[in-house]
Structure formats: structure tokens, C-alpha cells
Amino acid sequence: MLLKLKYDSRSVRAPVISKVAIEENALINIIEAKVEPRYGEIVVEVDDEIAERVAEKFKKYGVEVRKLTKSIEKTEKCVDCGACISVCPTGVFERGEDDRIVVNEVKCIRCGFCVGVCPLKALRLPE
Amino acid sequence: MKTVEEINEKIREGNVNVVTALEMKDIVAELGAKEAAKEVDVVTTGTFGAMCSSGAFFNFGHSDPPIKMQKVWLNDVEAYTGIAAVDAYLGVTQLSETLGMEYGGAHVIEDLVRGKEVELRATAYGTDCYPRKEIVTEISLEDVNQAVMVNPRNAYQRYRAATNSSDRVLRTYMGTLLPNFGNVTYAGVGELSPLNNDPEYRTIGVGTRIFLGGAKGYVIGEGTQHAPPFGTLMVKGNLKEMKPEYLRAATFPGYGVTLFVGIGIPIPILDENMAKATAITDDQIETVIIDFGVPRRDRPIVRKVTYAELKSGKVEINGEEVRVSPLSSYYMSKKIAEELKKMIERGEFFLTMPVERIPQKEVFKPMRQKEIKVVKSVMSSPPITISPEASIEEAAKILIENEIDHLPVVNEKGELIGIVTSWDIARAVARGKVGKVEDIMTRKVITTTMEEPIEIAARKMEQHNISALPVVDKDNRVVGVVSSEDLSKLLAR
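Protein chains in written order, with the working numbering: chain A, 98 to 224; chain B, 191 to 683.
Take the hints with a grain of salt, since some may be wrong.
Unchecked claim - Pairs of lysine-lysine, DSBU-like flavour, derived with a Cα cap of 35 Å:
hint, chain 1, residue 1, chain 2, residue 2
1, B, 430, A, 218
2, B, 501, A, 171
3, A, 218, B, 650
4, B, 466, B, 560
5, B, 426, A, 174
6, A, 164, A, 174
7, B, 566, B, 426
8, A, 218, B, 261
9, B, 603, B, 679
10, A, 218, B, 524
11, B, 426, A, 218
12, B, 650, B, 563
13, A, 171, B, 406
14, A, 116, A, 218
15, A, 174, B, 215
16, A, 131, A, 167
17, B, 679, B, 563
18, B, 525, A, 218
19, B, 433, A, 218
20, B, 555, B, 532
21, B, 532, B, 501
22, A, 154, A, 131
23, B, 532, A, 174
24, A, 174, B, 494
25, B, 551, A, 131
26, A, 204, B, 501
27, B, 261, B, 192
28, B, 306, A, 174
29, A, 171, B, 430
30, B, 192, B, 532
31, B, 650, A, 131
32, B, 426, B, 192
33, A, 204, B, 603
34, B, 623, B, 634
35, B, 555, B, 524
Since the hints were made in silico from the structure, they are not lab data.
Full structure from sequences and hints, please.
Here's what the structure looks like:
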């Protein structure tokens, strides 16, 4: 599961990710990070089973946590060409049985690269 | 064995046997070509992909007082009006003058087909017969006299697939190509594509009635750049009858606007040979993967490949598995073949034989050019260089004395290891920095070679926002420097 962590001016100075990883014995994969002196926003991936526990721990250290359950979305503009298939780093897109493009939502890491590749502007990354 | 007249009679009587090109593969595999030719009357094909060489002729009707349009824009997209007073041709790749790649000729066409109004703006010089010099109005497809889609090059039989050996992301008309052979893209739908099912062009030629953008259209000749087996078609149809589902405006990011066009062509099964031709499968259709990392006309061929391999979604390049993206929609292509099949079965679509055949042999020639100018002809040589051990002060002196802004830094063998510019020195001075050239030089240098065309060198400078490139030989030794000033003098000429 993907968690979006928002750090304020206090929590951004502490090694929160390392603390949580050690204390909860959790593997945390950083997907996206924007860290500034007084503010930070990091998207991390953790196993579904421990997501709840890890999220609670982050909150304890003063980090705001939001679960990112929404993945890339295909809109009605899609013509099922498949330009997206080979540019996705995790293989979210596939050609289905009926030759329509299928979205494997669970694989999406919300990098957004495909959004800028689609010729029909048919892909959307909901917040 | 069978004539088109006989097939049309069957359509009229309602007992015609139509199958799609995909169904035909199985039928021929099962019955053999001879029996299949007896059973099947028509095979329908389809394709749906980006076709840049498309557009439409419009006649807008006359205003009062009348105008001879010298320039005309539809929603800020310019159409060509070097023909009669209120006739114009709008090409799908023309960009909006205000929105750029966000909106273009293809979008205007899609908007019109969707029933929307677009703004027409025209200017003129004014004559005794056409006194008006300017007009701004709104028009819809209903308002214009004619709106005729005429596409000079559509329905490529097959197309070269693309990959990218360079170390940066390329935005091309073949979609986004990832660095270091990161992916492959290809266009066309192989065994479902019209011309692959009639490779001798026996039934597809001038006058063949086709499905174009949801309406009936016609082949009016071979397309531009027609070079079998990379055959192409020139087609026309009435835009007013077309459906937006089969004409979709698109933008290839970083490249520009284009139109996804839906085309379906019925192939009459006149004899055993036609049955055999329409049984073609993807593994029999070959093309090549070319390298867009080389920005030249003759892009290197990376390898041969069949449409079956491309369609599998993975191909091997240099021992590695590379993922493949189609750029044409198989789903829509199948839908078009199915739709055309139904139109024929319902007796709404009759077949025609060509009144003239299109060439079975043709070569695609390169442009005749006076010369290709290369870096060698404009670079400053021998180059003025400096050692990494030299002081910043020394570097400043050399720049001033020679009235230059760029100083390649070379080792004792003359190999390039960095570059210092007058800007680097100004910054060092401003920060009160004293020391050696190597402390302030840029180590990752963008370079060119003597044989590189000047347009490519100019693009490198533009992309990296720099104003000069060291020219290196194959051993990375500096043999000259070329600046944007050298190039602009030449390019402007």
C-alpha cells in the first residue's frame, strides 16, 4: 500500500522513516520525495498487512499520513492503443483478452509518467 | 471464379458471406484456400491509428461583401487558402497559434464532427470583386457547403518500429522512447491491416469504396511515400457523414498534433489467390526496428522483427527483453472490421473494383539537397584550450585576449576533460575564489563531431541551453570549437 507522509517544520528534522522502519521492523520503499527545510512530502510503499501499524507509528512522530488507495485511471477518452504499456515502470497496463487496455491498479506506484505519454490525454492520477 | 458484380448481387439478395480478416485466417487454415474461396465472398479489414497526413477541404460560402481569403484560421489553427476565394485545406498537424500542441487541425476536425461550432477568422488584401479585408464568424459543419476529408497518406501497410539507443528520453511521432533501448513502439495492425490482405493491390486501387471515419469513402490513388511492401493510400470521404468515434484528435507529447483515423476496406474473394492473401498472419509480416537515438534520415536498423513478435509485447534487443507498445488500436481496428461486415450484411455497402490499379513497385527517394553542412565547415580550429592545472586568472586572460567565451580543458594528450566559460570565471571572481581551472570547470561536457550536421549541433545547444560545443575526434581529443554564433550565421543564410 502507498502512504503519503506530510512532514511539518518539526517532524521534518527527525529521521522519522528510519525510526519507524527499525521500530516496526518494516520494509519501507520510498516512491517519491520532496523535502524542503520546513516541509516535506514523501510517498512510501509498505506491505498491506503492516500498513495500519506503520501509519499509526508515523502519526505518533507527528507526521500526517494519508493512504493512497487510488491508482491511475483510464478515462472514456482512451482508444485502447497501448502507447502506455511499455513506458510504465511497473507494468500496470496490459492488453486484455478483447484487445482493450487493462489497468492493473495494484501495481501502480503513482509516478505519473504515463499521464504525459498518452496521446489521447486519457489517463488521470486522482489525488 | 467470382466477380464483384456477383458478390454485389448476393449483398442485394441478403445471402452474402462476409468474414473479418481475423476470422478468415481460421477458415483458410481449416478448409484450405480453394474451399475458403468458394465459401467466403468478402473479407473485411480495419485499422485505427495516428495518420498525420490527413486533413479536409472546406468551402465556407461567400460573405457579404465577399472576401477572397488570403489567410484563414479555424479556432486559431491556420488552414491553407492558396486556392479559390473561400476554399481552404486544413491539415491535422497544424498547431493552434495560441494553444500550440494542446490543440491543432485534428482537434478542429474532431470538434466539427462532434457538431461543435468553431471560430472562423480570415484576412485578405481586398480586390474590386472581393472588397472585404477581414471577417470573424462562427461556423459548424452544417453551415459549410463542402467538408471533404482528403488524406494524402493513410493506412500504411506496415511501418518501421522504433527504439532509442541514446541516453535521454525522446519525444517522437512514434511516441515516447525511453533511453538505452528502454522500449519499442510500433504502428499498424499487421494481419488485420487492409493492404497486407491484398499485397498485390488487385482489389484495392483507385475507386475502391471503403469505410473512412465511420462513413463511406474512396481510395483515390496510392498515398504519398507509397513504397511496397510499405504501401500507402490516398483516400477521400464526406466529413459531414463521419462519426467522432472514428476520428480522434491526439497529441504525441513533445512532437505535435495528429489524428487517429479509422479505415476499413472490404476485400472481395475473387479466387483462391485472394483467399490465400487474406489468410496472411502476423508472423509472415516483417518490418524492422530502427534507432531514433540517431537523429538522421537514415536511422540505423537495430534488427528485423515480425508483427507477431511485436504484438507479443516483448522483443529481444542485444540479449535483453524490451517491452513493446502498439500505437494503433487493435480494439478499434477489430471494431471497424466488424462494423464494415455488418454494413455489407445489411445491404448498406456495396463493393467496387478499382478503375485503375496502384503501383506495385515504387521507391521512396530522399530529398535532393545541395549539400549537408557539417560542423567541420564552421568550427574554429585549431582550438584554444587550457590545462586543468592552469590558474583561473590565466584562463580569464586567454578568454579576453582571444575574444572568446568558451575554453575546453584538456589533459596532456589533448583529450577533453572539462570546459570553462567566461560565466564560470565571473562567478568565481564574484565569490572571491582563487585556484585552478579544474576547481571551477564543468566536467560533463556536451560535444559534437566534425561530421555532425550543423542542425543537430544547434539542437544540442538549444536543448542544453548552452552556446558552444567542443568538437572532438573519435579519441575524444578536441579538434575545434563551434559556437551558436558560428551556426546562426550559417543557418540564417
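A quick look at each hint next to the structure:
no., hint, result
1, 430/B x 218/A, "holds, 26 Å"
2, 501/B x 171/A, "holds, 22 Å"
3, 218/A x 650/B, "holds, 29 Å"
4, 466/B x 560/B, "violated, 47 Å"
5, 426/B x 174/A, "holds, 26 Å"
6, 164/A x 174/A, "holds, 28 Å"
7, 566/B x 426/B, "violated, 47 Å"
8, 218/A x 261/B, "holds, 31 Å"
9, 603/B x 679/B, "holds, 32 Å"
10, 218/A x 524/B, "holds, 22 Å"
11, 426/B x 218/A, "holds, 28 Å"
12, 650/B x 563/B, "holds, 16 Å"
13, 171/A x 406/B, "holds, 31 Å"
14, 116/A x 218/A, "violated, 41 Å"
15, 174/A x 215/B, "holds, 32 Å"
16, 131/A x 167/A, "holds, 20 Å"
17, 679/B x 563/B, "holds, 13 Å"
18, 525/B x 218/A, "holds, 22 Å"
19, 433/B x 218/A, "holds, 20 Å"
20, 555/B x 532/B, "violated, 41 Å"
21, 532/B x 501/B, "holds, 27 Å"
22, 154/A x 131/A, "holds, 21 Å"
23, 532/B x 174/A, "holds, 25 Å"
24, 174/A x 494/B, "holds, 34 Å"
25, 551/B x 131/A, "violated, 58 Å"
26, 204/A x 501/B, "holds, 22 Å"
27, 261/B x 192/B, "violated, 52 Å"
28, 306/B x 174/A, "holds, 17 Å"
29, 171/A x 430/B, "holds, 30 Å"
30, 192/B x 532/B, "holds, 21 Å"
31, 650/B x 131/A, "holds, 30 Å"
32, 426/B x 192/B, "holds, 28 Å"
33, 204/A x 603/B, "violated, 51 Å"
34, 623/B x 634/B, "holds, 21 Å"
35, 555/B x 524/B, "holds, 34 Å"
Of the numbered hints given earlier, the model fails hints 4, 7, 14, 20, 25, 27 and 33; all others are met.
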